[in-house]
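A.B. asks: These protein sequence lines map, in sequence, to chains A and B. If you count the first sequence from 1, you need to add 278 to reach this note's numbering. If you count the second sequence from 1, you need to add 15 to reach this note's numbering.
By construction, these hints were calculated from the structure, which means they are not laboratory data. Just to be clear, a hint being listed does not mean it is correct.
[Claimed, not checked] Just so you have them, the derived chain B footprint on chain A, three or more residues with Cβ under 8 Å:
id : segment
1  : 432 to 439
2  : 528 to 536
[To be verified] Computed Cβ-Cβ distance ranges for the label pairs, DEER-style:
id : chain 1 : residue 1 : chain 2 : residue 2 : range
3  : A       : Gly314    : B       : Asn170    : 31 to 37 Å
4  : B       : Leu63     : A       : Glu567    : 17 to 23 Å
5  : A       : Pro326    : B       : Pro96     : 47 to 53 Å
6  : B       : Glu172    : A       : Lys617    : 27 to 33 Å
[As the list claims (entries may be wrong)] Straight-line Cα separation of at most 30 Å, BS3-like style, residue types lysine-lysine; simulated pairs:
id : chain 1 : residue 1 : chain 2 : residue 2
7  : B       : Lys55     : B       : Lys158
8  : B       : Lys227    : A       : Lys606
9  : A       : Lys572    : B       : Lys158
10 : A       : Lys617    : B       : Lys82
11 : B       : Lys158    : A       : Lys544
12 : B       : Lys227    : A       : Lys544
13 : A       : Lys544    : B       : Lys184
14 : A       : Lys572    : B       : Lys30
15 : B       : Lys116    : B       : Lys55
For glycine and all other residues, C-beta sits at the position ideal for the given N, C-alpha and C.
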Amino acid sequence: MLIAMRKTKKDDSSKYCLGIESSADDFGVGIVTFNGDILANKSDSYIPLEGGIHPREAARHHAEVADKVLKDALSKAGIKPSELSVIAFSQGPGLGPSLRTGATVSRALASYVEVPLVGVNHSVAHIEIGKLKTGAHDPITLYASGGNTMVTAFESGRYRVFGETLDIALGNCLDVFAREAGLKHKKGLPLGAAVELLAAKGGKLVSLPYVVKGMDLSLSGLLTAATAALKKGDCMLEDVCYSLQEHAFSMVTEVTERALAHTEKKEVLLTGGVAANKRLQSMLALIAEEHEAKFNVVPLEFATDNGAMIAWTGTLAYRHGLVTPIDKSYVKLRWRVDKVDVPWIQ
Amino acid sequence: MDTIDKIDSTKLFKKGAEASLFLADWYERKVIIKLRVPKKYRHETLDLQIRSYRTVHEPQLMHEAKKAGVATPLIYLVKVPESAIIMEYIEGQQLKQVLNKVPKQERHELCFKIGESIAKLHSYGLIHGDLTTSNMILNPNGKIFFIDFGLGEKNSELEAQGVDLHLLKRALQSTHYQFWEENLHSVLCGYTSVLGVQIAEKVYEKIREIEKRGRYVEERKQ
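Please model the complete structure; the sequences and the hints are all you need to start from.
C.D. replies: See below:
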């Protein structure tokens with residue numbers, strides 16, 4: 279009913295969706311038009327004083343900055359809340375307290391503006407923003423971030439998982455190693471980027487475990503071995519960073535190539551926070567070339583968690599009749615990508 | 016390639032992710048030459064290590080599999096420096112192509128046979144390492160051949176057996192998602208029929224444990 283009432287004669291370029299992302303350490307707000315123009319993409323990151331993300335602290339951060347980030351995004355887009363057609367939010371997977379903060383803000387905003395709410399799967403959003411920004415149509419996607427490492431492709435109504443990590447995520451592997459090496463997360467230089475910079479100065483290959491199991495891979499043993507190699511003290515940090523990257527990236531590339539050969543798709547898409555890494559990009563570009571597929575990488579601004587990807591995916595879902603009633607808008611901490619119907623793809 | 020003697024009319028049969036397969040005549044036999052080509056994306060040293068390791072191990076494991084009672088192609092020649100294996104060509108179709116097309120009853124029987132073969136490998140201390148329906152060939156006599164042992168290992172641990180079956184489950188989910196649950200059920204029935212309920216149950220428990228370790232799975236507790 280609500281959808282029918284809201285259907286006006288406005289064209290897609292003057293209909294707006296606001297998306298809120300809060301699944302981990304970033305609180306992001308994006309505003310997009312229904313035809314995919316991104317009018318605003320603002321965010322604020324929680325940076326732990328030490329260690330990894332503390333979920334409750336991250337949620338506290340999100341609650342503190344929500345108001346400001348929302349205002350920034352609306353002012354950047356140059357629209358008033360009353361002009362929004364729909365509110366989308368990251369419903370999972372992710373950290374409970376962080377997700378709940380974003381969901382609360384989204385519910386409040388949707389109720390206030392009196393527009394529908396759409397819960398979006400965070401992993402699907404990473405794929406969709408990658409497709410939007412690169413023009414990829416039906417790719418094999420390697421989605422690698424701090425919380426996820428998976429190879430997916432669309433098949434019969436859903437993104438199917440062809441390969442994934444059996445334990446920790448690629449970004450998590452790099453981050454934990456960086457912390458073990460005493461590196462600090464600074465604004466504008468995430469730990470993964472710090473490892474990449476050091477790796478570029480290394481060049482001696484230290485032997486580490488290489489664990490590919492079918493289309494899946496395991497990174498926890500590699501992390502342990504790399505940390506041990508460093509602590510032993512007879513290897514340079516630069517060389518261990520280099521070797522860690524060489525091993526880990528070769529593993530995900532091998533798995534992606536397997537999926538590419540298996541599905542015979544003609545496009546490869548790299549998305550998620552680790553997509554920023556130049557060495558990983560170059561490896562995937564090589565396998566794409568080998569299989570005569572086009573290589574696409576999501577632009578840096580949309581590689582890390584962001585509100586625009588939620589807004590855009592919310593638009594796709596909303597236009598295909600999907601809305602999330604408030605009483606069904608609880609967060610789903612372990613919402614796998616292959617549990618989500620994506621009716622907007624034929 | 017030029018060091019591999021007596022090859023006539025070599026032609027590319029299939030280009031996989033890891034290796035290229037050539038169909039050739041070799042001493043009047045129809046053979047497959049499996050060539051693990053260098054991977055440009057990998058560091059040269061790491062690449063050579065991985066290719067040599069897999070080239071040496073694969074024929075060993077295929078041989079062991081036969082002892083365990085699981086059909087695999089005959090190995091004729093192994094050339095480690097070229098990362099090449101010459102093996103028997105098996106007439107037939109990949110199960111990947113067959114499984115979605117056959118009637119329900121036949122599908123269940125095939126899955127049951129797959130389960131039996133995996134159980135035979137496991138009870139003999141062998142792990143296939145890449146159990147997908149692309150790596151099983153059904154010959155015209157209805158016999159299933161297992162191929163592609165490149166990621167396999169000799170290992171009798173429950174952990175490895177659990178991962179092996181978990182991989183097959185994942186393959187069934189992604190490639191044969193329409194019937195993956197009943198297919199898996201038939202595989203597990205075949206598996207249990209060889210190993211007995213007690214041992215099989217331990218492996219299944221392990222699979223559940225492995226799945227809980229993954230990211231964002233329903234089964235995982237906070």
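A.B. asks: For each hint, tell me whether it holds in the structure or not.
C.D. replies: Consistency of the hints with the structure:
| no. | hint | verdict |
| --- | --- | --- |
| 1 | 432 to 439 | holds (count 4) |
| 2 | 528 to 536 | holds (count 5) |
| 3 | A:Gly314 <-> B:Asn170: 31 to 37 Å | 50 Å, violated |
| 4 | B:Leu63 <-> A:Glu567: 17 to 23 Å | 21 Å, holds |
| 5 | A:Pro326 <-> B:Pro96: 47 to 53 Å | 50 Å, holds |
| 6 | B:Glu172 <-> A:Lys617: 27 to 33 Å | 31 Å, holds |
| 7 | B:Lys55 <-> B:Lys158 | 37 Å, violated |
| 8 | B:Lys227 <-> A:Lys606 | 26 Å, holds |
| 9 | A:Lys572 <-> B:Lys158 | 39 Å, violated |
| 10 | A:Lys617 <-> B:Lys82 | 41 Å, violated |
| 11 | B:Lys158 <-> A:Lys544 | 34 Å, violated |
| 12 | B:Lys227 <-> A:Lys544 | 33 Å, violated |
| 13 | A:Lys544 <-> B:Lys184 | 26 Å, holds |
| 14 | A:Lys572 <-> B:Lys30 | 18 Å, holds |
| 15 | B:Lys116 <-> B:Lys55 | 38 Å, violated |
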